[in-house]
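Trainee: Given the coordinates of chain A, work out where chain B with the ligands should sit on it, guided by the hints.
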Amino acid sequence: MFDALSERLENVAGRLRSRGRISPADLDEALGEIRTALLEADVELGVTRHFVDAVRERCSGEVLSKSLTPGQQVIKAVHEQLIEALGGEALRLTYASRPPTVVLLAGLQGSGKTTAAAKLAQWWKQQGRNPMLVGADLQRPAAVEQLRVLGASAQVTVFSQPGDPVKTAVAGVDEARRLGRDICIIDTAGRLSIDEALMDEVCRISKRTEPHYTFLVIDAMTGQDAVATAKAFHDALALDGVILSKLDSDARGGAALSVKEVVGRPIVFASTGEKLGDLDLFHPDRMADRILGMGDMLTLIEQAEQKMDQDVVARSADRLMSGRFTLDDFLEQLHQVQKMGSLGGILRMMPGMSKEIRQAADSIDDGQVSRVEAIVRSMTPKERAEPSVVDGSRRVRIARGSGTSTQDVNQLLKQFKEMQKMMRGMGPAALAGAGGGRLSRMAAARGLGGASAEDSLAEMLGSRPGAAPRPEAPRPAPGSKGRVGRNKKKGGRVTPPKGR
Amino acid sequence: MIALWIAIGVVVVLALSATIVVRRRRPPAELATRTAAPSTAAPRAESGESEAPPAAAPRPAAPPALRERMGRTRGLFAPLRALGGRADTAAAFEAAEEALLRADVGVETTNELLNELRASGVGADGVLDALADQLVAVFAENADRTLRFDDEPGVVNVWLFVGVNGVGKTTSIGKVALARRVEGRSILLAAGDTFRAAAADQLALWAERAGTEMVRGAEGGDPSSVVFDAVQRARARGNDLVLADTAGRLHTKVNLVEELAKIRRVADREPGRVTEVLLVLDATTGQNAVVQARQFTEAVGVTGVVLTKLDGTAKGGVVIPIERQLGLPVKLVGVGEGPDDMIAFDPESFVDALVGL
Ligand SMILES: Nc1nc2c(ncn2[C@@H]2O[C@H](COP(=O)(O)OP(=O)(O)OP(=O)(O)O)[C@@H](O)[C@H]2O)c(=O)[nH]1
Ligand SMILES: Nc1nc2c(ncn2[C@@H]2O[C@H](COP(=O)(O)OP(=O)(O)O)[C@@H](O)[C@H]2O)c(=O)[nH]1
Ligand SMILES: [Mg+2]
Ligand SMILES: [Mg+2]
Chain A
1 MFDALSERLE
11 NVAGRLRSRG
21 RISPADLDEA
31 LGEIRTALLE
41 ADVELGVTRH
51 FVDAVRERCS
61 GEVLSKSLTP
71 GQQVIKAVHE
81 QLIEALGGEA
91 LRLTYASRPP
101 TVVLLAGLQG
111 SGKTTAAAKL
121 AQWWKQQGRN
131 PMLVGADLQR
141 PAAVEQLRVL
151 GASAQVTVFS
161 QPGDPVKTAV
171 AGVDEARRLG
181 RDICIIDTAG
191 RLSIDEALMD
201 EVCRISKRTE
211 PHYTFLVIDA
221 MTGQDAVATA
231 KAFHDALALD
241 GVILSKLDSD
251 ARGGAALSVK
261 EVVGRPIVFA
271 STGEKLGDLD
281 LFHPDRMADR
291 ILGMGDMLTL
301 IEQAEQKMDQ
311 DVVARSADRL
321 MSGRFTLDDF
331 LEQLHQVQKM
341 GSLGGILRMM
351 PGMSKEIRQA
361 ADSIDDGQVS
371 RVEAIVRSMT
381 PKERAEPSVV
391 DGSRRVRIAR
401 GSGTSTQDVN
411 QLLKQFKEMQ
421 KMMRGMGPAA
431 LAGAGGGRLS
441 RMAAARGLGG
451 ASAEDSLAEM
461 LGSRPGAAPR
471 PEAPRPAPGS
481 KGRVGRNKKK
491 GGRVTPPKGR
Chain B
1 MIALWIAIGV
11 VVVLALSATI
21 VVRRRRPPAE
31 LATRTAAPST
41 AAPRAESGES
51 EAPPAAAPRP
61 AAPPALRERM
71 GRTRGLFAPL
81 RALGGRADTA
91 AAFEAAEEAL
101 LRADVGVETT
111 NELLNELRAS
121 GVGADGVLDA
131 LADQLVAVFA
141 ENADRTLRFD
151 DEPGVVNVWL
161 FVGVNGVGKT
171 TSIGKVALAR
181 RVEGRSILLA
191 AGDTFRAAAA
201 DQLALWAERA
211 GTEMVRGAEG
221 GDPSSVVFDA
231 VQRARARGND
241 LVLADTAGRL
251 HTKVNLVEEL
261 AKIRRVADRE
271 PGRVTEVLLV
281 LDATTGQNAV
291 VQARQFTEAV
301 GVTGVVLTKL
311 DGTAKGGVVI
321 PIERQLGLPV
331 KLVGVGEGPD
341 DMIAFDPESF
351 VDALVGL
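Chains as they are written, first to last, in this note's numbering: chain A, 1 to 500; chain B, 1 to 357.
Bound-form chain A, shown alone (with noise of 0.2 Å):
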């Protein structure tokens, strides 16, 4: 998402850069078009102009003439406003005092309340906690076997009973305390914001189960109607964040920029693909800087931490560095990897991506990813060690083992290799402390980005030392031609392993 409107920005930036002196006009100009950019990406009117309002109280005439780089200065508040209206900080989540922590999840209909519910529940699983999810939606055909299907996958108690979603609500949450869950999530029937009797039913709901959170689920691809939307659900509520879904759309998002501003509540979870392991805590800061064109390794490194193994990683990064690395290695490395989500979509977080490659990740189908799997487990012990020894018998026979073509095998072989070259030349030299501008060479001479993949990198894990970068962090060089990666993670499928 996000790609017209930072494009645009992109743009304007441009053209005000080479400025030395901004008149009031081209300030006028500039802000017309920040305008028209905002509301294709279809941020809400009034949103809209309050955002145009609060960039021209920044751009002062008194900042603007005393800076020397005038166009900085409106591209900086730009991006400050950007951030404010994204939400500022982070909800720092809390729990009840007395388990269970119930969350209801509301929203229109078909905007991803149960596919949200239940990666919630994996997402608070994997942070330890034990969570179990209750089927409310009562009303649309089969949404409670959705629910179960999905709760399965992630293998999480689903409760539910036919009859009144209110009662069927209260009972989870006493179903959940006498289990001991210290979390339940209640998934609720869509409703209109203007269907006075499901809005009662929801309110009733919520009176009855006395949620810890409420959080709205919101389409991205939603219009001009987030905002009336938002406020409905807000009044009737009282929200406390906002859940985002199908951020892996291409749309351009503006639902995220007018939520928190009708609703004064933040963006909490970013819903990124069909996967349950598609969710992502929402960081406003992050979001605006991948508005303007930075990529998102910050993200990527996180959730690498959080849901590798890190005892495996490890190993695998010390063999790495031995210049010991295998094909076992690289399988297992395979499966610590797609824990973090689906490969397409973690390859639209790094930053320096070129198109072509964005596109590609497009393409990028995790069925594929077994048949790669197939053929290595098709190969003895000794082969996965020493791939060299493969002849054309052993191809032959790996193809069949494995159901591929000896195309395929050759394929994975000669990758395997590149890989191999390139993890040898980095392993040490990264320890050493070279590592990100080494690898992102590497990257580039491999054609997968341009000369500011390389910067963009390089600068990114060089510059971790353990905190986020603020606003004033590195920026992509000034005219920097390549956009960096974005936020979208490409989807594979919830329901059960099937190629799709």
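It is worth saying that the hints were derived from the structure and are not from the lab.
Since this is a predicted model, take the numbers as computed values, not measurements.
Hints are supplied without guarantee of correctness; some may be wrong.
Facing chain A, from chain B, some residues (calculated, C-beta under 8 Å) [what the hints assert, rightly or not]:
| # | residue |
| --- | --- |
| 1 | Leu101 |
| 2 | Gln134 |
| 3 | Asp201 |
| 4 | Leu205 |
| 5 | Gly286 |
| 6 | Val291 |
| 7 | Lys309 |
| 8 | Gly312 |
| 9 | Ala314 |
Glycine included, every Cβ here is placed at the ideal spot set by N, Cα and C.
Mentor: Only chain B with the ligands this time, still in chain A's reference frame:
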């Protein structure tokens, strides 16, 4: 395949470098005491015990009038109307611009429409009516809004429902099945969403409501073969229309869109004939709907639009650029979750409902 390899390469390298960065940050003592992430020791959850809910009762509903169903909120054009002839032309145009933008018509189309109006020299008190006429004229460009049906004996018509996630494809099929049956067509449903959890169960309930047969495949199975089977089955049973559901997919996901194109090709094989590819759009969607319409049309040749959820506060104005730029006709409108909440799209009542309150 190449993309996959690039991805695997990059991602693996990345994961390792991330680890190295992380390790560099850590004091050595901590490295020595690493423990496995808690998530790997996942406890087995017991499965919940309870009954499946009963099918939602169909809501009683008279055939809905669009204007009634759409106009339940404050009209966007009320401020313009209130201006009447008192205001100057500039103010009237400003009010019109605001209303169009708020209806999701989009900046570009709004500007085009208003520039045309300005050129026509209309005065402040005429803006509203002129605009309404202009909008009706946009829709008039795409005159044919009938659902295409091939009466040739032996042909099994296939209507394919496509769109992004959660827009209302399955529900629309259920409603169309009910309406068509009333018209005396003999219908078969194809549960071509083999992907979303319980998607076929959802359609099965609609099949029951509509009293039609449904063909389903294994969950996770190949959707094309479900549609293929449905066509064969329809031929054997003498059904003349197959309504094929598909899994929601973002237009940006190349392989999923390719899968859709394959479904379409398979459905078109004798005796099947794809006579409608209906793109389902959610009225709450903003400008992205135009992109969806363009991409799906390129990939599978969309023949018409089903605009759902017009019973909400969203106005669905994005269909105006879609009609105007892409020449795609809106054919059906969804105004609720009940079996009867589907009506044929009528430009005049849509424009009336949009502008008239
Ligand atoms: N691409 C993508 N699809 C999503 C995402 N979240 C949910 N979906 C899909 O969107 C569709 C609707 O999601 P649900 O979770 O069923 O939405 P819901 O709000 O529970 O819908 P109702 O219960 O029908 O109101 C499903 O096809 C999901 O797989 C996301 O982040 N990205
Ligand atoms: N209010 C309203 N809800 C609708 C309409 N059409 C579908 N829905 C609801 O939107 C949600 C998603 O619909 P579904 O048919 O499952 O979408 P699909 O994923 O595209 O098949 C469901 O909760 C439907 O009941 C409509 O016209 N109005
Ligand atoms: Mg649901
Ligand atoms: Mg469906």
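Trainee: Each hint needs a verdict: does it hold in this structure or not?
Mentor: Now for the hints, and whether the structure bears them out:
1. With its C-beta approaching chain A no nearer than about 5 Å, Leu101/B sits inside the 8 Å limit, and its interface hint holds.
2. Hint status for Gln134/B: violated, given a least beta-carbon distance of 20 Å to chain A, over 8 Å.
3. Restraint check, Asp201/B versus chain A: the minimum CB separation of about 4 Å is within 8 Å; hint holds.
4. Using the Cβ-Cβ criterion of 8 Å, the hint placing Leu205/B at the interface with chain A is satisfied: the shortest such distance is roughly 4 Å.
5. Checking Gly286/B against chain A: minimum C-beta separation of about 3 Å stays under 8 Å; hint holds.
6. Interface hint at Val291/B: satisfied, since its Cβ lies 7 Å from the closest Cβ of chain A, which is below the 8 Å cut-off.
7. Because the smallest distance between the Cβ of Lys309/B and any Cβ of chain A comes to about 7 Å, under 8 Å, the interface hint for this residue holds.
8. A distance limit of 8 Å between C-beta atoms decides the matter here; for Gly312/B the minimum to chain A is near 4 Å, and the interface restraint holds.
9. Proximity of Ala314/B to chain A holds as hinted, the smallest CB-CB distance being about 4 Å (cut-off 8 Å).
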